[in-house]
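S.K.: Here's the letter readout for the chains.
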Amino acid sequence: MQATDPDIRWVEPPKLGLGERMYLPLFLQGLTTTTKHLVSAKVTVSYPDQEPEINNPLIYRGVHRLNRDEQGRVKCVACFLCATACPAHCIDILGVESPWEDREKYPESFTIDELRCIFCGMCEQACPVDAIELTSLYNLTGRSREEMIFDKEKLLSVYDATKDKEPMKSAQLPPVTTPSATTSTATSTSPTEGGA
Amino acid sequence: MAIVLINGQEVEIGDDERLNGIQVAARVGVEVPHYCWHPGLSVVASCRMCLVETGKRDADSGEISMLPKLVPGCQTPARDGTVFVTDSEKVRQARAMVEEDLLIRHPVDCPICDKAGECHLQDYHFEHGRSERRADIKPFHSRRRELGDTVALFVDRCVMCTRCVRFTREVSGDAELMVVHRGAHEEIDVFPGFPLENKLSGNVVDLCPVGALGDLDFLYSQRVWFMKQHASVCAGCSTGCSIQVEENQDRIHRLKPRENPHINQWWMCDEGRYGWKYVHDNARCLAPRQKIEGVLQPLDWSDAPAALHAALTGEAGENSNSKNSPPKNSNSKKRRLAAVLSPFLTVEEAYLLATYIRQYDENAVLALGRIPQAGADESFPNGFTIRAEKCPNRRGVEMLLSALTGDVLSWESFLEQAAETPFDAVWISGGYPPADGNDAASKEEESLAPELLAGLASSTLIVQDLFASALWRQADIQLPGAAFVERSGSFVNAGNRLQSFEWAIRPPAGVMTEGQLYWRLLDRDGLYNARRVLEDVAREHIAFAAATSEIPATGVDLLLNQLV
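Those sequence lines, one after another, are chains A and B. Numbering-wise, the working numbering comes out as the position in the first sequence, counting from 1, plus 1100. Numbering-wise, the working numbering comes out as the position in the second sequence, counting from 1, plus 422.
It is worth saying that the hints were derived from the structure and are not from the lab. On a predicted model such as this, the values are computed, not experimentally measured, just so you know. Incorrect hints may have been included.
In silico lysine-lysine, DSS-like type, Cα no more than 30 Å apart, as pairs [stated by the list, open to error]:
hint: 1; chain 1: B; residue 1: 650; chain 2: B; residue 2: 621
hint: 2; chain 1: A; residue 1: 1269; chain 2: B; residue 2: 560
hint: 3; chain 1: A; residue 1: 1263; chain 2: B; residue 2: 560
hint: 4; chain 1: B; residue 1: 621; chain 2: B; residue 2: 699
hint: 5; chain 1: A; residue 1: 1252; chain 2: B; residue 2: 560
hint: 6; chain 1: A; residue 1: 1252; chain 2: B; residue 2: 650
hint: 7; chain 1: B; residue 1: 678; chain 2: B; residue 2: 699
Negatives, chain B to chain A, calculated, CB over 12 Å [unchecked claim]:
hint: 8; residue: 483
hint: 9; residue: 731
hint: 10; residue: 781
hint: 11; residue: 811
hint: 12; residue: 846
Computed footprint of chain B on chain A; a stretch qualifies when at least three of its residues, placed anywhere within it, have a C-beta under 8 Å from a C-beta of chain B [what the hints assert, rightly or not]:
hint: 13; stretch: 1174 to 1181
hint: 14; stretch: 1199 to 1206
Glycine included, each C-beta is placed from N, C-alpha and C at the ideal position.
Make the full structure from the sequences, and use the hints.
M.R.: Following this line, the structure appears as structure tokens:
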């Protein structure tokens, strides 16, 4: 772009007054902020001596877990949407026909490479059955790379360990208004499930 | 010349063309959504998705009179002066209504449906449907039952287009499928005790516009959006159907037919469709070996040219001084060489192998490899034929042989000739799928019987194949070969139609494709380029003259353009 371009709008810098030229008011303003923080309560947590507090586990993105359904089976239906959404390609699923009557497909194996994962939470967003969730467990450590590749059992055990403290997120969402049989279908404004 | 109006745009169609509204609209890039109509099947106009406005333009006055009601585009023939309007508000509303109706009782179980990603219901709903669902029926799981050994029916996903029913009546001719019940209770089913088991049954899965019919072989093995498609040619029989290989990371997941009006139209047989499993068989030969003093030793591909040179010239042992340099046919006595060109080789590979052998002996005997046969040709009502000849390129190799040697020496007469006067060295190319206990297997046992192979016992034997056989075990140099999806080149089918294709997957570690090996043996630069070889073949041999220019996706007929 040329300096002569008619699209360029030239503006003059505002004129500085006496106080601004002395810098004293701004200087005092900055010092006030510093002093305020000196005397206020500390926010730094000296981890690992002290455990930080997770304010909102609902939006925290820590270790994954695989949720269980009411019968204790893995909730995942092996649709591969998390693996498709995953930008780090860290999810590996083997989907097969399920051994159960009421379910068609389930993951025979489900592994997440936690070292590859970038904890973006897209898998959780993509999941149509709320099976994969990110917990607020942040202290993820291991002694080998193999140990950090979480398989289905391990991911289910994360659920078992965290389900009391952090119930399934879908349960925390506002309840879906299920239109009763009497209400007319035409006027019902329930959230859409139709996005085939 | 008939002129049809599509959304105000004039389209010229030929006088003898019989097209419907959908086809004419497609000519100008206007897509009319449809479920039940398929170019290969009869018209029923039952899905109502292709409803369009139609009318007629008066030839003299140019005045257009429209019909008050919408009509199905698939059932409306395009004649001179026919007017189609596919983008009016009326049409849009009709489509949205059809979509909504279809989705009322559709289990929205797309996450576990194998069709998701290539489903017409998904695509059309996205494009033409309503953004929200007004029905209060929750997503549910579809009932499922098996129609036969190859196909599963997900009953509730069906949109009752009856394409599959019409297919079994009109194309395969066995009419196993039917519609049971009426109205909203309509279902596709088979008669008890008569499952869907014709040889074209896999096609109903491709035909199904939604996920109602699932291929049991492919079911849940891969989501469709992970796979890459490669145009290829089926090597199952000499019909040479145009196919599409769908793979992910060098692993085939399924084969699908590719439209080719000259060969297979829209179909392929189950034999070809599920006949690729041997490509990933663990029993495949994966490493070249050389017999040194009667014991097989591993041979490195980098040493292979020298070893082959030594085997063909008979200079065993002193392989260092002559580094695969072409023939020096002066000093020693003339050696009698032969090459057997397998009907699984592409035209290009056969040509390169023949050229390589003829470098050492310009009178080398060239023979056609064993032709695997199974049963008899099987034709279906619409003309689709499954050939008894279970190899893709017999015609191509035959045409090449008659161009090179004047006649075609069959495998049997070659063995007789070898028994009379043994050859010094024989190169036998292969690529045969494993014998699996059918007709072809017993035929193979016969043709590879020890007494027949006795004639080859005294010659240096170079065998190239996919699986170990009697010949392979007898070989002095064993070279693993590539399967059809790993090769590039051209096959000529039983109808003299040449089709070119590129490789779809890479061969397993340890295997070098035939083309690449011959290319290297002939000291050519760079990587094997099938197109360049075919250009050479077309220039040198008049039988292949039609292949001079670029080969279209549907292939070229070699006899049609022939000058002699």
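S.K.: List in ascending order the numbers of the hints, as given earlier, that are violated by the structure.
M.R.: Violated hints: none; all satisfied.
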